[in-house]
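So the sequences go chain by chain: A and S. Numbering (the numbering used here) for the first sequence: 330 to 743. Numbering (the numbering used here) for the second sequence: 330 to 743.
Check before you lean on any hint, since a few could be wrong.
As the list claims (entries may be wrong) - Taking lysine-lysine and the DSS-like style, the derived pairs with C-alpha atoms no more than 27 Å apart in a straight line are:
| no. | chain 1 | residue 1 | chain 2 | residue 2 |
| --- | --- | --- | --- | --- |
| 1 | A | LYS436 | S | LYS739 |
| 2 | A | LYS357 | A | LYS533 |
| 3 | S | LYS738 | A | LYS438 |
| 4 | S | LYS738 | A | LYS436 |
Hints are computed from structural coordinates only; laboratory data are not their basis.
There are 2 protein chains.
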Amino acid sequence: MDAEIIAVGSELLTPARIDTNSLYLTGKLNALGVEVVAKTIVGDDRDRLREAVRLAAGRSQIVILTGGLGPTEDDVTRDAVAAALGRQQQLRPEIVAWIEQRFARMKRKMAEINQRQAFVIEGAEVLPNDRGTAPGQWIECEPAPRVVMLLPGPPRELEPMFESLCVPRLERLLPPQVIRTLHFRAAGITESDLDQLIAPVYTKYSNPVTTILAAPGDIQIFLRARCASQAEAEALNAEVGPQIAALLGDRIYSRNGDPLEAVVGNLLRERGATLSVAESATGGMLAARITSIPGSSDYFSGGFLVYNDRMKHELLGVDAKLLEKYTAVSEPVAEAMAVGARRATGSTYALSITGVAGPGGGTEAAPVGTVFIGLAGPTDCHVHRSRFIGDRERVRALAAQTALNLLRKKLAGG
Amino acid sequence: MDAEIIAVGSELLTPARIDTNSLYLTGKLNALGVEVVAKTIVGDDRDRLREAVRLAAGRSQIVILTGGLGPTEDDVTRDAVAAALGRQQQLRPEIVAWIEQRFARMKRKMAEINQRQAFVIEGAEVLPNDRGTAPGQWIECEPAPRVVMLLPGPPRELEPMFESLCVPRLERLLPPQVIRTLHFRAAGITESDLDQLIAPVYTKYSNPVTTILAAPGDIQIFLRARCASQAEAEALNAEVGPQIAALLGDRIYSRNGDPLEAVVGNLLRERGATLSVAESATGGMLAARITSIPGSSDYFSGGFLVYNDRMKHELLGVDAKLLEKYTAVSEPVAEAMAVGARRATGSTYALSITGVAGPGGGTEAAPVGTVFIGLAGPTDCHVHRSRFIGDRERVRALAAQTALNLLRKKLAGG
Chain A
330 MDAEIIAVGS ELLTPARIDT NSLYLTGKLN ALGVEVVAKT IVGDDRDRLR
380 EAVRLAAGRS QIVILTGGLG PTEDDVTRDA VAAALGRQQQ LRPEIVAWIE
430 QRFARMKRKM AEINQRQAFV IEGAEVLPND RGTAPGQWIE CEPAPRVVML
480 LPGPPRELEP MFESLCVPRL ERLLPPQVIR TLHFRAAGIT ESDLDQLIAP
530 VYTKYSNPVT TILAAPGDIQ IFLRARCASQ AEAEALNAEV GPQIAALLGD
580 RIYSRNGDPL EAVVGNLLRE RGATLSVAES ATGGMLAARI TSIPGSSDYF
630 SGGFLVYNDR MKHELLGVDA KLLEKYTAVS EPVAEAMAVG ARRATGSTYA
680 LSITGVAGPG GGTEAAPVGT VFIGLAGPTD CHVHRSRFIG DRERVRALAA
730 QTALNLLRKK LAGG
Chain S
330 MDAEIIAVGS ELLTPARIDT NSLYLTGKLN ALGVEVVAKT IVGDDRDRLR
380 EAVRLAAGRS QIVILTGGLG PTEDDVTRDA VAAALGRQQQ LRPEIVAWIE
430 QRFARMKRKM AEINQRQAFV IEGAEVLPND RGTAPGQWIE CEPAPRVVML
480 LPGPPRELEP MFESLCVPRL ERLLPPQVIR TLHFRAAGIT ESDLDQLIAP
530 VYTKYSNPVT TILAAPGDIQ IFLRARCASQ AEAEALNAEV GPQIAALLGD
580 RIYSRNGDPL EAVVGNLLRE RGATLSVAES ATGGMLAARI TSIPGSSDYF
630 SGGFLVYNDR MKHELLGVDA KLLEKYTAVS EPVAEAMAVG ARRATGSTYA
680 LSITGVAGPG GGTEAAPVGT VFIGLAGPTD CHVHRSRFIG DRERVRALAA
730 QTALNLLRKK LAGG
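Full structure from sequences and hints, please.
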C-alpha cells in the first residue's frame, strides 16, 4: 500500500523550517510495510491544498495531512479536505464542550474562534487530542481500502495520536504482514566510520532492511525484518543483529532505542549510585538531559553552573592559583570541578564540563571547540580532552553527549 | 511571482533524509522577491513526477526540479518534464563530447549510459555543470513569464549552478519587487487569544501577509510586505506593524525575531546587571537557554541545580523547617531558593524554579504541572505560581519560558 503525506503551513515554506513530522510518519508507515511515495508541503492556501488532496487521494490509498487544524482563518485543512472529497462539515457540540472543558481546566474561557476546531467532515471518525485543542479526523473513502487522515501539526500532539489511534486502525486495514525492528544506538563513532564497519554485513541482506540515522555524537541503527510471520521476522533479526552488534562492541549503548540519558540513569539506579554535575560551557544542557527522564531524582543529586572563574572558585572550591596558571579551560580545572561537585553534593560520581563553545573565546592553547570533561568517582578522577568541530550548539551538544558516554562506559565497565 | 520546488528521488522519502536543497532555494528565491508556494517530493517514478510537473507548471510561474538527472534508469526527471510539457528530447553531441572529456580528465572512460545525460528538452537552454556530469536545463514556456528549471541534486553542484546561471536569468524575468518582513515574538498569551486580539487588524490587509507560528509559551508573528519598491514595502509594514504591537502591548518581547533568552541577555547587559539561577524541576533547561547565547558569560553568573531537599538546604541555605512545613514545591521555598542563589553568587537577580514536572510526584496541594518561579532582585523577591498542562517536557519548557518572561518584564519595567 502507498501513502502520501501533505504538510500544511506557510511557515514550512520558509528557508529555515523543515517538515519533521513527515520523517516521523515515514518511519511509522515503513514499519507497517507502507511506502511513502510522495510528500507535499502547501502553504495556508485553500485552493492549492484542495488540489493537492484531490491529486493524492486519487492515486494513493493512504493520505495523511499534518497541520492547519488550528482555530484561525489561516487553518485551512478541514475546509480544503472537505472540498476535495466533496463532503460537508458539521459542528459537533460535544467537541465544543470538550474544548471548553480543556480551557476551563486551565482556568480560562474558550475563545469564540476555537469553535472552528469542532467542525468534523461528514463520515469522519474523530481522533481525540490529549495534548491540544485540535482533534484529528480519520476518513475512509471509496474505493476501499482508502483513508484520508487529518492530524495536528505540533509533533507532541501528532505523535501520540498517530501511535495510539492511527496505527491500530491502519493495521486493521493492511494485509497481514509482520515487521520486527531492532533498534541499536551507538556513541563515540562517526556515521561514516560506523557505516564502513557494518556495511559488509548489512549489504548482504535485503531483509531485514538496515537504516542509519545520525545526530551529533549519536547514531541510531534500525534493522527492519518484514515477513509473513513473527517467527520468521525475529529469526532474520536474530541472524543479522548480533553480527552488527559484535562489530560495534561497546560503542553500542542501547539495544532498545533508549536515549543515552536513560541508559546512564538505569546504570546509576542499578548500582545505587548518585550523580552530580559541574557545568561551564554546556551551562545546564547536561543536567537538562539527565533530568528529562522521569524519576531521575532517584539518582541525580544536583549540580553547579559555574560560568566564570569566581563561581568555579567559590562554589566548587577550585583553587584560584590553578585558574590563574592553567585558565578555566584546562585539565586541572576540569578535575578540580568534578572533585569539588562530588565533595559538595556527596554524590557517588560527578561529571564536569569546561570548554570553549565559541564562536569567540578561543586561544592558541584551547581553540574553539576544545572541551575538557572530568569524571570523579569514589576511587579516582579522570579528565577527557576533546576538540569538537561545529557551531556553538553543536559543540555544546557533543560535550554533553560525550560526558554521558564516558560515565556510561565507567559504570558498565566497573 | 510564485515558485514551486519539486525534489526528485526515492531516497528523499525515507525516514532519515530531508530535502535541504529546497531550503537553500527558498532563501535565494525570497531574496529575489519570489515566494515559494508549494514543495513536493516525488520518488523515482515517471508518472507521478509528470503529474506533479503538470500541476505545478499549470499554476506557478517558476518551477524548479532538483535531482533525477543522473545516468541510470532511476533518473526520470528529463523524461517526466518532457512528457508534462509535451516536448521532445534531442541528443546533443557536444554534451556527449563534454561528458567524455570530463571522464577522460579523471582517466576513465565514459560509460554508455552517461549518454542519457546529454538529452536536452526541446527549447531548453543548457546550464553547464562545473562539478558533475549532469547539465541543468532552463526552459521558458508559454504564457510568459514562465520557466521550468532542471537542476542536479547534489548541493555542491546545484548551488553554484543556481547562483551563477539561474539567479541572473530570473532577475531579467522578474518584475521589480521587494519583500520586507517584520518579525514579532510574544510570550504570556495563547495562540488563540493572540489571534482573536489581532485578527481584526491583520485581516484588513492582504499586503503585508500575516503568519502566526506558535510554540509552547512562545508565539511568532511575521508581517511580510511585497511591493515594487523598498519604500512602499516598508511603508506598509510601518502602517500595520504598530497597530498589532499596540494591541499586544508588553506581551511582545522581540521586534526582530530574537529569542527570549537573547532579549533578556541584552536587557541585563544594558543595565550592567547579572543573573543566577536555582533550578529544581527544569534541571538546567533555563540555564541552558541563557547560555546558548554567545557572550552570555557577560551577565550569567552561574547557578544551582538542586534536585532534592538536601541540596536545596546545603547549597542554597533553604531552611529545613521551611521544606518540612511547606514541601519543596511551594511559594516560601521558591523564594528562599532565589534569595539563596542571589546571595551565594552575588548576582543582581536570581531566578528559581521548583515544581512538579510529572508524570509522577503530584500532590493535592501541588498537582502535576504546578510550578513556582521566584525572582529575587536588589530590593525584593516575588514568587509566581503557574499550573501548566502537558507532559513532562512541555511543563519544563513552559516553566523556563515563563521564568525568562518574568525577568524580562521586571527588567523592562524597572
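Which hints from the list above does the structure break, by number from lowest to highest?
Per hint list: zero violations.
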